[in-house]
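Top line first, the protein sequences correspond to chains A and B.
Each residue of the first sequence is one higher than the one before, starting from 1 at the first, in my numbering.
Each residue of the second sequence is one higher than the one before, starting from 1001 at the first, in my numbering.
Keep in mind the hints are simulated off the structure, nothing from the lab.
Owing to the predicted nature of the structure, the values given are computational and were not obtained by experimental measurement.
Just to be clear, a hint being listed does not mean it is correct.
[Claimed, not checked] Below, in silico cross-link-like pairs of lysine-lysine (DSSO-like), each with a Cα-Cα straight-line distance of 30 Å or less:
{"hint": "1", "chain 1": "A", "residue 1": "LYS72", "chain 2": "B", "residue 2": "LYS1060"}
{"hint": "2", "chain 1": "A", "residue 1": "LYS417", "chain 2": "A", "residue 2": "LYS166"}
{"hint": "3", "chain 1": "A", "residue 1": "LYS349", "chain 2": "A", "residue 2": "LYS417"}
{"hint": "4", "chain 1": "B", "residue 1": "LYS1085", "chain 2": "A", "residue 2": "LYS72"}
{"hint": "5", "chain 1": "B", "residue 1": "LYS1085", "chain 2": "B", "residue 2": "LYS1009"}
{"hint": "6", "chain 1": "A", "residue 1": "LYS444", "chain 2": "B", "residue 2": "LYS1034"}
{"hint": "7", "chain 1": "B", "residue 1": "LYS1060", "chain 2": "B", "residue 2": "LYS1009"}
{"hint": "8", "chain 1": "B", "residue 1": "LYS1009", "chain 2": "A", "residue 2": "LYS228"}
{"hint": "9", "chain 1": "A", "residue 1": "LYS444", "chain 2": "A", "residue 2": "LYS228"}
{"hint": "10", "chain 1": "A", "residue 1": "LYS444", "chain 2": "B", "residue 2": "LYS1060"}
{"hint": "11", "chain 1": "A", "residue 1": "LYS228", "chain 2": "A", "residue 2": "LYS72"}
{"hint": "12", "chain 1": "B", "residue 1": "LYS1034", "chain 2": "A", "residue 2": "LYS399"}
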Amino acid sequence: MRFESLGVRGKALGAIALMTIGALATPAFAQGTPTPVLNAGDTAWMLTATMLVLLMTIPGLALFYGGMVRAKNLLSVLMQCFAITALVTVLWLVYGYSVAFSTQGMQVHVTNLHSIIGGFDRIMLAGLKPDTLYQTVPEAVFVMFQLTFAIITPALIIGAFAERMKFSALLWFSGLWLTIVYLPMAHMVWSGPGSLLGDLGVLDFAGGTVVHINAGIAGLVACLVIGKRRGYPHTPMPPHNLGYTVVGASLLWLGWFGFNAGSAVAANGSAGMAMLVTQIATAAAALGWLAAEWLMHGRPSVLGIVSGAVAGLVAVTPAAGTAGPGGALVLGAAAGVLCFFTATRLKHKLGYDDSLDVFGVHAVAGILGGILTGPLAAPVLGGFGTVTELGTQLWIQTKGVMFTIAWSAVLSYVILKLLDLTLGLRVDDEQEQVGLDLSLHEEKAYNLS
Amino acid sequence: MKWITAIIKPFTLDDVRQALTEVGISGMTVTEVKGFGRQHGHTELYRGAEYVVDFLPKLKVEIAVADEQLEHAIEAITGAARTGKIGDGKIFVSELEQAIRIRTQEVDVDAL
Chain A
1 MRFESLGVRG KALGAIALMT IGALATPAFA QGTPTPVLNA GDTAWMLTAT MLVLLMTIPG
61 LALFYGGMVR AKNLLSVLMQ CFAITALVTV LWLVYGYSVA FSTQGMQVHV TNLHSIIGGF
121 DRIMLAGLKP DTLYQTVPEA VFVMFQLTFA IITPALIIGA FAERMKFSAL LWFSGLWLTI
181 VYLPMAHMVW SGPGSLLGDL GVLDFAGGTV VHINAGIAGL VACLVIGKRR GYPHTPMPPH
241 NLGYTVVGAS LLWLGWFGFN AGSAVAANGS AGMAMLVTQI ATAAAALGWL AAEWLMHGRP
301 SVLGIVSGAV AGLVAVTPAA GTAGPGGALV LGAAAGVLCF FTATRLKHKL GYDDSLDVFG
361 VHAVAGILGG ILTGPLAAPV LGGFGTVTEL GTQLWIQTKG VMFTIAWSAV LSYVILKLLD
421 LTLGLRVDDE QEQVGLDLSL HEEKAYNLS
Chain B
1001 MKWITAIIKP FTLDDVRQAL TEVGISGMTV TEVKGFGRQH GHTELYRGAE YVVDFLPKLK
1061 VEIAVADEQL EHAIEAITGA ARTGKIGDGK IFVSELEQAI RIRTQEVDVD AL
């Protein structure tokens, strides 16, 4: 939906070109060069949506993950989420927004350096004033909205290496990963005409590729590079407080309305439909995981139903602007069942220690959603996009997904290896045994006796 | 004097305490413990990872009694802690050589 921005940014040609491949464009933006006018309704919604997306990371994701680790590592997880929130905010202001969203040097269907990374003309948010607009909302609000996406993406990855990474390594990894992996990825998908994947016609309404596949693949690479937790899988490492996990998952569900419906960057019908299909896919996925688990394990579990819900939220993210209610139902159910198998079977079969299933849930549901977004955008399948050639769009989506997998895997590996060789990624055995809360932060989450 | 150590199911504690009070036992020490006997543990399953929990939570109740109180105390505990299901626990009895109340320095039965 950010494709619409191109019209406003004086590149109407690009808007028309992109509309033909299915972006949900508002006709007004496609003609001439309209003078952007602030819309109070849009602005009020985007202010709200921004807060909802921040809520997803702190405390949503922090509690979702925190409940799943052992009691001795709860604070380390909360700390990582909180610190990433602060760190990414500062980096975003200094250069992040510019590298992700500057349109300097971009031309539609011209592939150059700026198809991959933005320029530095918006360093320190240069040119941003109270009356600067992005479409119909203050650019300051758009900067904040996008910042919350940049925060949650590296925060998602921490689930893969939970309970064993040094805090210093975590900060370096998050900063470098944001800079080298996330910012270009966001630029390639969302910065408008002339962006690599945008020009390709990849549909990604709210960040299936940029956020979820990107983070999920980085998580898989990270858990392979850093290695398993001591004693995994023979030592029991059960979640220490699934109550937190349920609260966290519920906050993620709520916050996701900001994520998906906010990605319309307007208070309009597209936002409303995004909200509806998000709810449908999430519910279907929760039930899908539940049913699969009940059949396979004989018990419906709390961790299962909330994991399924998150899988559904992830899967519908790229499709939220174009899929119809029926498509969302099918997509969600498929994501719930598929992620049940990847998180409970595939992981144990392959033996990697993706501690909180960043790959098994985010990458897998992200890939499924990313690919199916293509056909589900077609009116013939109940979608609201302009896709008519199902196979063609499916292939475009698959190319976008494959590109994201390769981009994230290679660059994440390089960053992690570099940090492992210099700083060291892992705490020592004794620190891991004692728990990160006490050994890294000299605090305990629970002082009950 | 006898030293009674009873391992009981945690939820029976209130009943055990009340029953012991009724037969004139005026003090006890309770500790949270884990262990296993004939009642084996249970399994837990989190996203396909199955954990066998071998040790189950129990309470250890320790009391010192005069010889003539022993039978009453044992009856009180068995009466209150018995559910009839496996895992109700056990009572161990041993000789107690000395008892001293720190405040008054009374000894043996007077100190109980």
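Going through the hints against the structure:
no. : hint                    : in the structure
1   : LYS72(A) - LYS1060(B)   : 26 Å, holds
2   : LYS417(A) - LYS166(A)   : 14 Å, holds
3   : LYS349(A) - LYS417(A)   : 25 Å, holds
4   : LYS1085(B) - LYS72(A)   : 35 Å, violated
5   : LYS1085(B) - LYS1009(B) : 11 Å, holds
6   : LYS444(A) - LYS1034(B)  : 23 Å, holds
7   : LYS1060(B) - LYS1009(B) : 9 Å, holds
8   : LYS1009(B) - LYS228(A)  : 37 Å, violated
9   : LYS444(A) - LYS228(A)   : 23 Å, holds
10  : LYS444(A) - LYS1060(B)  : 28 Å, holds
11  : LYS228(A) - LYS72(A)    : 17 Å, holds
12  : LYS1034(B) - LYS399(A)  : 55 Å, violated
Violation of the numbered hints given earlier is confined to hints 4, 8 and 12; the remaining hints are satisfied by the structure.
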